[in-house]
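Start from chain A and add chain B according to the hints.
Chain by chain, the residues run as shown.
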Amino acid sequence: MAPSRAAAGPGLTRRMLAAVVLVALVYAAAVLPAFLAGPVWGTAAVAAAMVVAACSARMADRLVLHAMDARPVDAAAEPELHAVLDRLCLSSGLPKPRLAISSKDVPNAFAAGSGPGSAVVCVTEGLRARLGPAELAAVLAHETAHVANRDVLVAAVASFPGLVGGLVLGWWTGLFTGRDRGAAGRVAAPVLGIVLLPLGLAAAVLHTAGTLAWLALSRHRELCADSTGALLTGRPADLASALAKVSDDLRDASRDDLRSLRPAGARCVVAARGDGVAGLLSTHPTLERRRARLADLSWRLASGG
Amino acid sequence: MGFLDTLLGRSKPAKPDLDQIFGLSSAAITLEAATGFTPTGRGSVCFRAAEGGAFARLQTDVQQLLDADEGPKVEISNDAYGYTWLLATHRPEELPDLVTDLHAVNSTLEAGGFGPHLLCSLASFRGPEGQRLALVYLYKRGTFYPFAPLPGDRRDNALELQVRGAIGADLPFEEDLGRWFPVWGAPGL
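Chains as they are written, first to last, in numbering that gives the first Met the number 0: chain A, 0 to 304; chain B, 0 to 188.
Okay, chain A solo, but in the shape it has when bound (with noise of 0.2 Å):
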């Protein structure tokens, strides 16, 4: 019997259960009054929810690209990566997915598009210039793991009911805040948010909850990708040095070049905040997490096992 090597260990699959979960609990939180009016209007109320989720990530997905001003080649342009992006589908059996390079000088990488037929990876031009073939392999590997595992439609449905509550909230505190009305606006706009202080406060939960659930998959994602991307080149070693590049360049990168990633944001291969802000409030696992289970790896795979 040959050895399979999962590329998620059962921990790293229940705890990533457990975030699925939460976010379920999150949509059955919100749609909760829908329920109250009848199992029908319920089961309507998250589909939806569902739907409009996977639409705005189709519609974030052409923001993304524009905003990080990446333009598609062929393989005629840049017949290397294509070249490195051809075997890597070779291997894995999927689908290619198209491939574009952004302007930016910023040291990056992003997939876009929700599924294995109408997906995107696009790379900076600085991680071009900063990685070597073999790292760059290994981070266009990480990237196309999140295509096979569909990781941005699952991100953008994980991350809706967090993004209706910040939007509630937002207008919510806007009505006692706001200044742009007239006089008979400045009275009745209050008076509107107190009669509405149920749904402010349940927009609030709603965002903090949705937020941290979201934040908590996204994490586990990024650890299957890494995974997975590591085991289809066969070379965890490459992708830990390659992020270890990429994280030392975001961190010394101004501010300005950190500003122009964030529309690409937790997409990308390293989160563009660097370490300053770890544990719950992050995106992406801590380098140091990342490395510890690409160590792993490489010692599983040198060892047979």
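Wrong hints could be hidden among the right ones.
Unchecked claim - Each pair of labels, with its calculated beta carbon distance range:
| no. | chain 1 | residue 1 | chain 2 | residue 2 | range |
| --- | --- | --- | --- | --- | --- |
| 1 | B | Asn77 | A | Ala243 | 22 to 30 Å |
| 2 | A | Asp251 | B | Asn77 | 28 to 36 Å |
| 3 | B | Ser76 | A | Gly116 | 46 to 54 Å |
| 4 | B | Asp152 | A | Trp298 | 39 to 47 Å |
Think of the hints as simulated: they come from the structure by calculation, not from any bench. Glycine is no exception: its CB is placed at the ideal position from the N, C-alpha and C atoms.
Below, chain B without anything else, positioned relative to chain A:
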């Protein structure tokens, strides 16, 4: 991939059917009858060498296994993208032996748990006017496709489609033309 796998971020590898590769021998006869292309007796297997001692030992084993018979030794080369090519050479009329070699490399790596690192295997053919052609086997998909390079990094798409027409019924052909990945500069081609 199932819904649960998507949720949990797992991608389950498809179960490849390695024995398909033996179909090459009979397909070659059909190919020669239909298009005049004959085997060159050269074929290669491409894989990504995983880091660590386990893979290095396995690679040595494979090499010794193939070198055990008489004839030219296996040649190993690395391409610019960090992939390793094992080139086996036989006499043109010994295509079945070549196919056995290709199968041996694939199955040894698979048995060692390195199946996901196998890229492709190919056997090369020559046309009546010296045109080059390779039949490429995708381990992951269990399918074949033709690759016909022309000078200057161009592909002879017409010839590739013609080959599919000739032997498409003999071999499980890759239906998705987007997966007919070029293998420029493959040893043995």
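These are the hints, each one checked on the structure:
no. : hint                                 : verdict
1   : Asn77(B) with Ala243(A): 22 to 30 Å  : holds, 25 Å
2   : Asp251(A) with Asn77(B): 28 to 36 Å  : holds, 34 Å
3   : Ser76(B) with Gly116(A): 46 to 54 Å  : violated, 35 Å
4   : Asp152(B) with Trp298(A): 39 to 47 Å : holds, 40 Å
Violated hint for the displayed structure: number 3, the only one.
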